[in-house]
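Chemist: Listed here are the chains, written in short residue letters.
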Amino acid sequence: MQLIRCPWCGPREETEFHYGGQAHVAYPADPAALSDTEWAHYLFFRDNPKGIFAERWCHSAGCRRWFNALRDTATYRFHAVYRPDEPRPVIP
Amino acid sequence: MSERASESSTQSERASESSTQGGFRVPDRGRIDRATTHRFTFDGVAYTGHPGDTLASALLANGVHATGTSVALGRPRGIGAAWAEDPGGLVQVEEPFPEPMLLASTIELVDGLVARSVAGRGRLADVPDSARYDAKHAHCDLLVVGAGPAGLVAALTAARAGARVVLVDEHAEPGGSLLGGTDRLDGAPALDWVAAATRELAGLPDVLHLQRTTAFGHYDDGFVLALERRTDHLGAAAPRNRSRQRVWRIRARHVLLATGAHERPIVFADNDRPGIMLAASARTFLHRYGVLAGRDAVVFTADDAAYAAAVDLADAGARVHAVVDARAQAPAHWRAECERRGIGVRTGRFVTGTEGTDRVSAALVADADGGERERIGCDLLLVSGGWNPAVHLFSQARGRLRYDDALGAFVPAETLPGTSVAGAAAGVFDLDGCVREGARAALGALAELGIEAGGVGALPTADPVPERTPPLVLWRVPGDERAQFVDIQRDATVADIARAVGAGMRNIEHVKRYTTIGTAHDQGKTSGVVAAGITAELLGVPVAALGTTTFRPPYTPVAFAALAGRNRGALYDPERVTAIHDWHVARGAVFEDVGQWKRPRYYPLPGEDMEAAVLRECAAVRNGVGILDGSTLGKIDVQGPDAGVFLDRLYTNVMSSLRVGFVRYGVMCGADGMVLDDGTVMRLAEDRFLVYTTTGGAAKVLDWMEEWLQTEWPDLRVHLTSVTDHWATFPVVGPRSRDVIAAVFSDVDCSKDAFGFMAWRDTRLDGVPVRIARVSFSGELAYEVNVDAWHALAVWERLIAAGEPHGITPYGTETMHVLRAEKAYPIVGQDTDGTVTPQDLGMSWVVSKKKPDFVGKRSFSRLENRNPQRKQLVALLPHDRTVLLPEGSQVVEADRLPEPPVPMLGHVTSSYRSAALERTFALALVKAGRERIGQTLHVPVGDALVPVEVTDPVLVDPEGARRDG
Chain V
124 MQLIRCPWCG PREETEFHYG GQAHVAYPAD PAALSDTEWA HYLFFRDNPK GIFAERWCHS
184 AGCRRWFNAL RDTATYRFHA VYRPDEPRPV IP
Chain P
1227 MSERASESST QSERASESST QGGFRVPDRG RIDRATTHRF TFDGVAYTGH PGDTLASALL
1287 ANGVHATGTS VALGRPRGIG AAWAEDPGGL VQVEEPFPEP MLLASTIELV DGLVARSVAG
1347 RGRLADVPDS ARYDAKHAHC DLLVVGAGPA GLVAALTAAR AGARVVLVDE HAEPGGSLLG
1407 GTDRLDGAPA LDWVAAATRE LAGLPDVLHL QRTTAFGHYD DGFVLALERR TDHLGAAAPR
1467 NRSRQRVWRI RARHVLLATG AHERPIVFAD NDRPGIMLAA SARTFLHRYG VLAGRDAVVF
1527 TADDAAYAAA VDLADAGARV HAVVDARAQA PAHWRAECER RGIGVRTGRF VTGTEGTDRV
1587 SAALVADADG GERERIGCDL LLVSGGWNPA VHLFSQARGR LRYDDALGAF VPAETLPGTS
1647 VAGAAAGVFD LDGCVREGAR AALGALAELG IEAGGVGALP TADPVPERTP PLVLWRVPGD
1707 ERAQFVDIQR DATVADIARA VGAGMRNIEH VKRYTTIGTA HDQGKTSGVV AAGITAELLG
1767 VPVAALGTTT FRPPYTPVAF AALAGRNRGA LYDPERVTAI HDWHVARGAV FEDVGQWKRP
1827 RYYPLPGEDM EAAVLRECAA VRNGVGILDG STLGKIDVQG PDAGVFLDRL YTNVMSSLRV
1887 GFVRYGVMCG ADGMVLDDGT VMRLAEDRFL VYTTTGGAAK VLDWMEEWLQ TEWPDLRVHL
1947 TSVTDHWATF PVVGPRSRDV IAAVFSDVDC SKDAFGFMAW RDTRLDGVPV RIARVSFSGE
2007 LAYEVNVDAW HALAVWERLI AAGEPHGITP YGTETMHVLR AEKAYPIVGQ DTDGTVTPQD
2067 LGMSWVVSKK KPDFVGKRSF SRLENRNPQR KQLVALLPHD RTVLLPEGSQ VVEADRLPEP
2127 PVPMLGHVTS SYRSAALERT FALALVKAGR ERIGQTLHVP VGDALVPVEV TDPVLVDPEG
2187 ARRDG
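Line by line, the protein sequences are chains V and P.
Note that the working numbering has the first sequence beginning at 124, numbered continuously upward.
Note that the working numbering has the second sequence beginning at 1227, numbered continuously upward.
Hints listed in this document are in silico derivations from the structure and should not be mistaken for laboratory results.
Please note that a few of the clues may not be correct.
Some chain V residues judged to face chain P by a derived CB distance under 8 Å, without partners named [claimed, not checked]: (1) 154; (2) 155; (3) 211.
Residues from chain V that keep clear of chain P, each with C-beta distances beyond 10 Å, as calculated [claimed, not checked]: (4) 126; (5) 129; (6) 130; (7) 137; (8) 143; (9) 159; (10) 163; (11) 164; (12) 177; (13) 202; (14) 204.
Quick reminder that beta carbons are idealized off the backbone N, C-alpha and C, glycines included.
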């Protein structure tokens, strides 16, 4: 069980968190302007990379706040965590 | 080729006859308390032992090696090692509590122990386990696993530096390998040093030292699970209130593994007989428990360490008839020691097989090509093929391993951050080396943690040891592969590995699964590396290229009861009850679980079943007045200047236009347009709404709201608070409800004009604030009374009392379900399943056409959402008014089932008996359901096809005349 560093609370047990899927998938500014295909892509299509992935997490059994993380999907290691209003960090 | 019966074999036969009559206990050896006698039975025979014994040592002291027969072949099996690596000695414990498949070598002997041999499989207890199990967290700078020489030095070094240290060790006392030998430190018995070190640790602050505690799982970021055995060794003296076992959840900044090594067997024909044992284990039985494992021993080795066993056993009175060393050259020092004791050393020779029935009676010895065969009588055959570092916990944490050709074993191949390995676990086998490496690893960990290593004391020095002759890596001796056991517990042989390789397996993980080697209680502690070696030989590849199987937790078996801890029975999951739960109990309610809530389902009168009770309750509500405890409804207090905008974006209809003092029903959808939850919303103030959710959806809806608020609309000034438990909610329902409310709340004008549908009023009852809302989940005139939980019972009782003249009837969730279904009010999660839109439910009216956007809106215009063949909510009326359709039944068109696949039109979502309709009815999701109104469809029930009429789902008061009374 990993320790995940909540940007607000610090390192906490993995079981206090829940996963929220790919980060930086903004709600479309004008959904009505989208074709069915484009809307379906927003709804159902997500990246599935091997390696670093920007994800949303929620400290659901703690401060209940959302944040973003860069996590390696192959090693499970968290490389960075950042608040929703912060830009995606550049990691080496 | 000559066969010569050795002279010693006749001696040994005489010796074993006499030894079975006497005991095998050696005077003046062992760490047992001879002043106290424990009585125990094995297979119904009474024996004695002493505190400090294990069941294995006590059995061996009484001359018993055999513990049962094997699972597949029924071959006799016995004690093969002195601790958890033993693949053979499993027993069934009957008393104090029945437990199957425990290792005799790890059961501490207590007075009154009753155990039996195991014929392949054990037997689970058929009585409940009354023992308590619990869990505890520990946090530390350094966790040291193993209190042998390396671990003790490491723990001392770190603790003296002021680090927070946890030291766990699986044995009854610290010392590790020192307990089973005669090592000396600083010129005195090494166990004196162990005692001093243990005392010093006890005196240092921030040290938690746990014996009888097995670290069984090593996970990410220094997380280690350990099982502490707390009462079994105390027998009848165990305090009743102490947990039997405890799972320690240890989070360490650094984990230092000093887990030692397991001796490795050599595989030969008939190597599974009782009386065949790892050499160092026999030495442990002698030095730790004061037991000779046999009178007439043969030692078969490819390594130096086994000589110590030969010499020590001879010194303790055993006749050691030969040391058979597979190497061409015996170590000079040990050869001399053997000669001094008259022990013949045979080099370049092998044990190729054994004889015996229930116990080994002879070792068959030959040279490499099978020549010069020799039969040596014995009752104990000790085997040593070298040592395997116990790298399990290192590997579990994803540490890579490397095959070491010289050791013939896998060792850590890398340093993991936050983890280090010291002593025999790292392939260091001499005592001085273990002491040094333990200190070095601790200093490295302290440096990593930024803890100043202050006064590190002088390290103890071991007596000089003879130079080691390199071991010979020998997996097996040529012979009958079908009788060469690799995994003794699984009855898996070299022939099985050959069959796996012959079937095309090239990967050791495949060979493991094909042969089951390494899958027994011991998880291949002795068989894993040997299996890799033999597989590599058969494949003609280096062992390094083949690798080893992945080590997985647990290191030793852990009972599910221990893992469950206190989280069972009533503590398995929280039970939530409303503020007036006791009233329901006193009234004889039958409860149902709704999520974690206990809700009254119905209140049977004497002699009533559920059907009768629900029909009575339904009739009372439709004809008079009923009252429901609706306190479990989720409630979310939504506050802030942007609260209206926020709710507009989440509900399909407009909430911002709702006036203060009024209530609106709303539906929430996912972005995919599917119904998520529904409920009413009260506007309490311009910047404040009280959102009601379904009972089961409360947590989900709050999370959903927070997610949008935090991740998409952080600019909205809105705060959300769950107030579910703060408010009790009591709908008073039925044509007589106005009389009841007016009687209790005399200051509230309950007239139709003054207090209309979907309005709310605040009032007080004897000073207690009460909020009344005119909402209805039944189609009847209804007043929902809200009061804080503290005063809930008093208000409820006032309502009941005021309702008495009108025959007020408390009703439960079952009646609530029937009443709402008669009005086609859907239950989210029962009539919907995540594929249902508001339009499918016939609720287009709740979807705003005016709002430019809300969550789910864009999905409603997708092609698929406009498909006229979508399933829609309709009612089904069975032609036979008494037939109750089972919920979940399929709906089909034809009156005769065609050949499968049968086209399915939908399914029954709700089905009840209606008092108002005096018949049964159902709700169903049916393809193009609204177009089918008036048609007859069919529902398969058992072997019958029940004809049903499709109707509009609103069956009672479709014009809505009743809701205003």
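Chemist: Could you run down the list of hints and mark each one as holding or not?
Modeler: Results for each hint:
1. 154: 4 Å, holds
2. 155: It holds, given that the least Cβ distance between residue 155 of chain V and chain P is near 6 Å, below 8 Å.
3. 211: 14 Å, violated
4. 126: Contrary to the label, residue 126 of chain V does not stay out of reach of chain P, its closest Cβ about 4 Å off (not over 10 Å).
5. 129: Correct as stated: the minimum Cβ-Cβ distance to chain P is 13 Å, above 10 Å.
6. 130: 12 Å, holds
7. 137: With a cut-off of 10 Å, residue 137 of chain V comes too close to chain P, as the shortest Cβ separation is near 8 Å.
8. 143: Check fails; 7 Å does not lie beyond 10 Å.
9. 159: Incorrect as stated: the minimum Cβ-Cβ distance to chain P is 5 Å, not above 10 Å.
10. 163: 8 Å, violated
11. 164: 12 Å, holds
12. 177: 13 Å, holds
13. 202: 14 Å, holds
14. 204: 14 Å, holds
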